[in-house]
Amino acid sequence: MMRWKNFRRYGFCLLALIPANEAAAIELVDNGHSQAVIVVAADAPLPEQTAAQELRKYISLMTGEELPVLNTPQPAGGNILVGDAPEWRQLLSGTAEDDQWRGKADSVIIRVDGDNVVLSGNRPRGTLYAVYTLLEKFWGVRWWSPTEEWVPEKATLSLPDDLTYRYAPPFFSRESHYSQINTNPEFAVKLKCNGHFQPIPENRGGHVRIAEPGYVHTITFLLPPERYFEAHPEWYVLDDRGVPAQVCWSNQAMIRELSRNVLEWLDRQPGAPIISVSQMDGWLRCECDQCQAMEAAGGSPAAPIIAAVNAVAEAVGEKYPDVLIETLAYCYSQAAPLKMKVHDNVLVRLCPYLNDFSRPYTDAANSAFAGDLNDWRQIAGKIAIWDYIANFSNYLIPHPNYGTFGDNLRLYAANNVVFVFSQGDFGSENCGDFIQLKAWVIAHLLWDPSSDERALMKEFLNGYYSPAAGEILLEVIDRCKAVFAAAGKPLGCYRANVNDWLPFAEIAAIRERFAAAERQLEKLPAAERAIFQERLRRARLPFDLVYLCAPQSSAWNPALGRETYRANQRLWAEVQAIYTRNRVERLNELDKIDVLYRRMPGLLAGPKYLRRSGDVPEFCTGIADADWYEFSAADFTLLKEGDWVTVEADASSPYGRAARLPNQQIWRLMQLPLSEFLAAGPATSTDTFEVYFSLRADGNKVAEAPAAVIGVHDLDNDVNTAVELKFDELPSDRYRWFKLDGFAPGVRREAYVAPMTAGWQGNIWVDRIVVVRLAGRPE
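Be aware that the sequence shown starts at 713, since it is given in the numbering used here, and climbs by one per residue.
Each hint should be verified, as a subset may be incorrect.
Taking lysine-lysine and the DSSO-like style, the derived pairs with C-alpha atoms no more than 27 Å apart in a straight line are [unchecked claim]:
| # | residue 1 | residue 2 |
| --- | --- | --- |
| 1 | 816 | 866 |
| 2 | 1235 | 866 |
| 3 | 769 | 866 |
DEER-style ranges, computed between Cβ atoms [what the hints assert, rightly or not]:
| # | residue 1 | residue 2 | range |
| --- | --- | --- | --- |
| 4 | 1199 | 1328 | 36 to 44 Å |
| 5 | 1235 | 1295 | 27 to 35 Å |
| 6 | 1323 | 1216 | 23 to 31 Å |
No lab work stands behind these hints: they were computed from the structure.
Quick reminder that beta carbons are idealized off the backbone N, C-alpha and C, glycines included.
From just these sequences and the hints, can you work out the full model?
See below:
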């Protein structure tokens, strides 16, 4: 019989997925009565003591029976032996094989031995994992989230009397990188995650941590330029600003100092199993004669790095033989140097950031990555993976990579991969794209890649949202995948919107399927219904957001009706309230959620939200108000606002404020998404516009130096209309207008300003952008 324990435990469990007890069984609880005891050694490690208490807790929740926890077994049997102790051996058979399994990282042992049950495994975590595996795999407990679990009520609790289950995961470090797991160590352990960003305390087995000075991109922290550059400029590679940004990996003096510094960091962090010695981010690399010769000899730009890291591993191994030196196969170093061998204590982390994430990595579309993985397998005994699960441009919209994780993890397991970091969208809390589903499914597949991903998806959807709603949500997931596949585009890990693959009609149809799922919940009792409705409402948020951000929903669309306009305003207020209630912090990896909160009112309100400065540019004289639009710093999308880009007081601007873009970055630091503001609906799709930029610059002016690029990028067709501006064209004490020729609006168009970094240091100031409809210009 199944009964609800309390509101936080509402859920359904697919009992067909739980192994049925055989007729011959050992009964631990029989109709609410038990003679069994839980036994854990008095001097057992803390995780095994925790395991005994967790087992007692959940047996009590399932049966109402409080089993005693003892330190000595009962001679007559009926012992649930948690952990391992030498004095227990005389009670058991098969201990030699158990001992073999205990030597495997994070292994679990669950078996019935006569009248006793053995729950054990590799220390420190294996026994605790064995308890959670027993509860989940054999008795039907499910942990959906840190606060939501399913505990079946059972009058009888039994196990097959011939049960022997031994298992060790292929990956010693498993990180499903989502905030609900990373910030809740107890939940992480239940999902058997143990990665660096999951700070699990020692009484729950600890976690696999990478030593300081950092998790990744560490080389200039290990060799700080402020300490070494003046005396050893030859150790470094300068970027186009003259800043030391990478190192010369072939320099032997540098390698010797690097090895000494790595040892010093390890001395300060006893017990650290891994330290990262890895290149900084980006494509910049040393191209000195020695590095180029090593690249040619090794067969890849990764060769100098591997040679240096091999030397570090050799030096470190003399003092710390068990420490792994982690390095990256990333950007320019992704291809394996097949003419070399990687040191046994080097962990090479391969990063598939250029993959098509809508397809398994075994698919032909991802053959380059699969080839790189196979090549690294030939020369490296230990490979790590930095996998990209999130859409880093927008955590809050659909990202149809569902159904690929199992194939990818099985590929890893077959190719010397021992460490997997699955980077999800940390910061969207539980409001991202099926975020609870992805976190849960990935965690289960990291533990056992042979699991059926489709079955796991069904189990979670039916258990967390109810079977009736879960069936509809699986249909929504399948629909998203099919629509994306039909669009014929690759799914990268940076996508600002869905406008190029998810048509407005499809968004509307999917939102109707959510409405149908909600109607299914009406059949449930009121208390249950409220819980499932809240979960379903969060799952719908990504589709509500893309509906609101679609051009057809924008008040810039002249075809938008008044009632729809009002309904959209109400919907946004509801969405924002849910984000706030669930403490959503980030829109993407660079921007806080405040950026979205600032943009949406202008998008939904349409042209009437714009406030003109009163300073009418000469080129707008005689043009009707409805045919030209003035945008200011309040409307711009600014990259890493408050860090890279700031909005500051500026007396030269008629608004009194302008965007300051320092030339320390070469990104498009300021963007204006014209598709959101101009080409909103079919009624305006044939219009043509001119774009004017109001700019000035300050700094150490070099007349002929390139100062900035202004442009309009047609992202649908990858057509970029751009103009490079020289420094002497930009006044410092006033603003000047620069024009780009007419463009036709479309689904994805953006105006942008990108500072240039070469030859000067200073700032580009952006005051206004004015867009003029050509049809409104007088002849």
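- Does the hinted range 27 to 35 Å hold for residue 1235 and residue 1295 at CB? 32 Å, holds
- Straight-line alpha-carbon gap residue 816 to residue 866, limit 27 Å: It is violated: about 33 Å lies between the C-alpha atoms, which goes past 27 Å.
- Item | Pairwise hint evaluation, residue 866 against residue 769, where the allowed Cα distance is 27 Å at most | 14 Å, holds
- Task: With respect to the beta-carbon atoms only, verify the hint that residue 1199 and residue 1328 lie 36 to 44 Å apart.
- Result: Taking Cβ atoms as reference, residue 1199 and residue 1328 lie about 42 Å apart, which means the hint holds.
- Task: Would you check the hint for residue 1235 and residue 866, treating anything up to 27 Å between C-alpha atoms as holding?
- Result: Roughly 25 Å separates the two Cα atoms, so the pair holds.
- Using the C-beta atoms of residue 1323 and residue 1216, is the stated range 23 to 31 Å upheld? This hint holds: roughly 29 Å between Cβ atoms.
The structure is inconsistent with hint 1 alone, although it conforms to all the rest.
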